[in-house]
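Starting from the given sequences, assemble the full structure and let the hints guide the process.
This is what each chain is made of:
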Amino acid sequence: MAFFLETLIGGLMAGMLYSLVALGFVLIYKASGVFNFAQGALVLFAALAMARFSEWLPGWTGIDSPILANIGAFVLAGLVMFAVAWIIERLVLRHLVNQEGATLLMVTLGIAYLLEGIGQGFFGNDIYKIDVGMPKEPVMVLENMFEGGILINKEDFIAALIAALLVGALTLFFQKTATGRALRAVADDHQAAQSIGIPLNRIWVIIWLVAGLVALVAGIIWGSKLGVQFSLATVALRALPVVILGGLTSVPGAIVGGLIIGVGEKLSEVYLGPYVGGGIEIWFAYMLALVFLLFRPQGLFGEKIIDRV
Amino acid sequence: MREIGDVILDLRGISLSFGGVKALTDISFDVREHEVRAIIGPNGAGKSSMLNVINGVYRPQQGEVILRGDHFKRMDPYRAAKAGIARTFQSLALFKGMSVIDNIMTGRNLKMKANLFQQAVWWGMAAREELAHRAKVEEIIDFLEIQHIRKTPVGRLPYGLQKRVDLGRALAMEPQILLLDEPMAGMNVEEKQDMSRFILDVNDQFGTTIVLIEHDMGVVMDLSDRVVVLDYGRKIGDGSPDEVRTNPEVIKAYLGASH
Ligand SMILES: Nc1ncnc2c1ncn2[C@@H]1O[C@H](COP(=O)(O)OP(=O)(O)OP(=O)(O)O)[C@@H](O)[C@H]1O
Ligand SMILES: [Mg+2]
Numbered sequence: 000m001a002f003f004l005e006t007l008i009g010g011l012m013a014g015m016l017y018s019l020v021a022l023g024f025v026l027i028y029k030a031s032g033v034f035n036f037a038q039g040a041l042v043l044f045a046a047l048a049m050a051r052f053s054e055w056l057p058g059w060t061g062i063d064s065p066i067l068a069n070i071g072a073f074v075l076a077g078l079v080m081f082a083v084a085w086i087i088e089r090l091v092l093r094h095l096v097n098q099e100g101a102t103l104l105m106v107t108l109g110i111a112y113l114l115e116g117i118g119q120g121f122f123g124n125d126i127y128k129i130d131v132g133m134p135k136e137p138v139m140v141l142e143n144m145f146e147g148g149i150l151i152n153k154e155d156f157i158a159a160l161i162a163a164l165l166v167g168a169l170t171l172f173f174q175k176t177a178t179g180r181a182l183r184a185v186a187d188d189h190q191a192a193q194s195i196g197i198p199l200n201r202i203w204v205i206i207w208l209v210a211g212l213v214a215l216v217a218g219i220i221w222g223s224k225l226g227v228q229f230s231l232a233t234v235a236l237r238a239l240p241v242v243i244l245g246g247l248t249s250v251p252g253a254i255v256g257g258l259i260i261g262v263g264e265k266l267s268e269v270y271l272g273p274y275v276g277g278g279i280e281i282w283f284a285y286m287l288a289l290v291f292l293l294f295r296p297q298g299l300f301g302e303k304i305i306d307r308v
Numbered sequence: 000m001r002e003i004g005d006v007i008l009d010l011r012g013i014s015l016s017f018g019g020v021k022a023l024t025d026i027s028f029d030v031r032e033h034e035v036r037a038i039i040g041p042n043g044a045g046k047s048s049m050l051n052v053i054n055g056v057y058r059p060q061q062g063e064v065i066l067r068g069d070h071f072k073r074m075d076p077y078r079a080a081k082a083g084i085a086r087t088f089q090s091l092a093l094f095k096g097m098s099v100i101d102n103i104m105t106g107r108n109l110k111m112k113a114n115l116f117q118q119a120v121w122w123g124m125a126a127r128e129e130l131a132h133r134a135k136v137e138e139i140i141d142f143l144e145i146q147h148i149r150k151t152p153v154g155r156l157p158y159g160l161q162k163r164v165d166l167g168r169a170l171a172m173e174p175q176i177l178l179l180d181e182p183m184a185g186m187n188v189e190e191k192q193d194m195s196r197f198i199l200d201v202n203d204q205f206g207t208t209i210v211l212i213e214h215d216m217g218v219v220m221d222l223s224d225r226v227v228v229l230d231y232g233r234k235i236g237d238g239s240p241d242e243v244r245t246n247p248e249v250i251k252a253y254l255g256a257s258h
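From first to last, the protein sequence lines stand for chains A and E. Under numbering that gives the first Met the number 0, the letters of the first sequence match residues 0 to 308, in that order. Under numbering that gives the first Met the number 0, the letters of the second sequence match residues 0 to 258, in that order.
Among the hints, a few may not be true.
List time: in silico EDC-like cross-link candidates among lysine to aspartate or glutamate, alpha-carbon distance up to 20 Å [unchecked claim]: (1) E:81 to A:188; (2) E:95 to A:188; (3) A:175 to E:129; (4) A:224 to A:155.
Simulated restraints, written as ranges between beta carbons of each label pair [claimed, not checked]: (5) E:206 to A:90: 42 to 48 Å; (6) E:154 to A:276: 45 to 51 Å; (7) A:175 to E:5: 40 to 46 Å.
Calculated from the structure, these hints are not laboratory results. We treat Cβ as the ideally placed atom computed from N, Cα and C, and that holds for glycine.
This is the structure:
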């Protein structure tokens, strides 16, 4: 029992991070109807900025407290993501209003390559460290309930907590503020939104900024675990099955989908892994997503896809 | 009572085509302040296209839109909204995932001043603003008699009520010019009467100038001060309801049309 719980909790914590990245996909998809292939590149770019700024800042300013350097780097990286969002809107999206979905998809592929190239050109293409002081050692909890207690990885726990807070804050922002309402309006109907005076351009900048900030947080969490390197750009693709499962248009779907996949991966690895020869963690999510595509292509929470006849 | 004023909106030589299809050919007419101006014509005559040109959803190849003396070669929907033009849509374009109240609240967007940061942390100004606008929206909800569905997601409402919400969202902008694209299509007699009353009240109480597309001739004759008639993208009549009704070309277009 304790072991099952341990696996379950591990899965939930991993899943929370998937949810966070999936949220980035969903936001952009809702607001502009485009599947953003550049999400992974955004994660890499943000993580690179964070890693290098925290390294450079002490030299530039003479700050020697690592905490201050990290805070400064976070703010700078946030500003960089804002600039990225602004430039993408200015140079790309603005000129592509009312284009076909496929065109926009190709454009995000292009943006992905550009971001990867420019990010590495600017910040370097080595492996860099992000050290925001995440605790590495695991802790035991519930020792008096289960024999031997449950082992929890503190780093994963804090990461999951941050992800959950961010998801919660974003949900509140979307539900409770005027801008959030405008974002939802744009997601539902571009033309009507414009006709009541919601500026599409500004909304797109905000959406890409939010996607960029989500990428920054994900980049910091993953970067401090795995190091900042090119492969971070592909980590985001692990959230792909999540959005298929949860539905591209649904914020709750992204959250629940992430948790299901996180838990599914861990449980299947532990309980099915021995029978199929291990490595199940790698393909489990995709298989689940495929099964879903067959039976419920709109995902768990997505809107029903009805083709006009 | 309202008194019809000067020309507020002037359309000059508007031509619009989609590929080979000529939707509008050299159309000119004007709209006076505080009047109800109807656009009628058979299916496919170009009425919706005309409305879309006025608020910049479509960009005509020729002609210009003159709004209070300002010439717009290219209008766009955002600028039109800022200039006080609101509209409803023939095929409903509500924000389906949102409640009635939220849909109407979006109409207040241009009037909100709090910046993103203030909203994000719900500071005094943003909160006060939200409440003030909410009060305005409740007035509109009372006016349109839709209190009972305030919190319902609009996607679940019957068609007639959705049309009312669409009008509510436009009214929330407190527009000077209101463009209505078949606000009564698909309604039963009673619903039509309600809608006619709302339109007349808006025009009367707030002095809002109204451009109205409508198929129901009875409604058009009752509501409008002047009528433009389009057929196959051309203007074939323009004048008071009585003048238009007796215009031989108009009669021919309507008798010849297959509806
Ligand atoms: N976006 C568009 N793309 C291509 N053709 C269009 C478009 N919008 C309108 N048209 C064409 O322009 C012509 C006029 O259409 P419009 O919708 O303005 O007519 P309408 O008078 O509003 O008709 P209805 O009474 O059916 O609403 C039609 O031939 C229509 O097919
Ligand atoms: Mg029409």
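Hints, verified against the model:
{"no.": "1", "hint": "E:81 to A:188", "in the structure": "holds, 19 Å"}
{"no.": "2", "hint": "E:95 to A:188", "in the structure": "holds, 9 Å"}
{"no.": "3", "hint": "A:175 to E:129", "in the structure": "holds, 10 Å"}
{"no.": "4", "hint": "A:224 to A:155", "in the structure": "holds, 9 Å"}
{"no.": "5", "hint": "E:206 to A:90: 42 to 48 Å", "in the structure": "holds, 44 Å"}
{"no.": "6", "hint": "E:154 to A:276: 45 to 51 Å", "in the structure": "holds, 48 Å"}
{"no.": "7", "hint": "A:175 to E:5: 40 to 46 Å", "in the structure": "holds, 43 Å"}
In summary, this structure violates none of the numbered hints.
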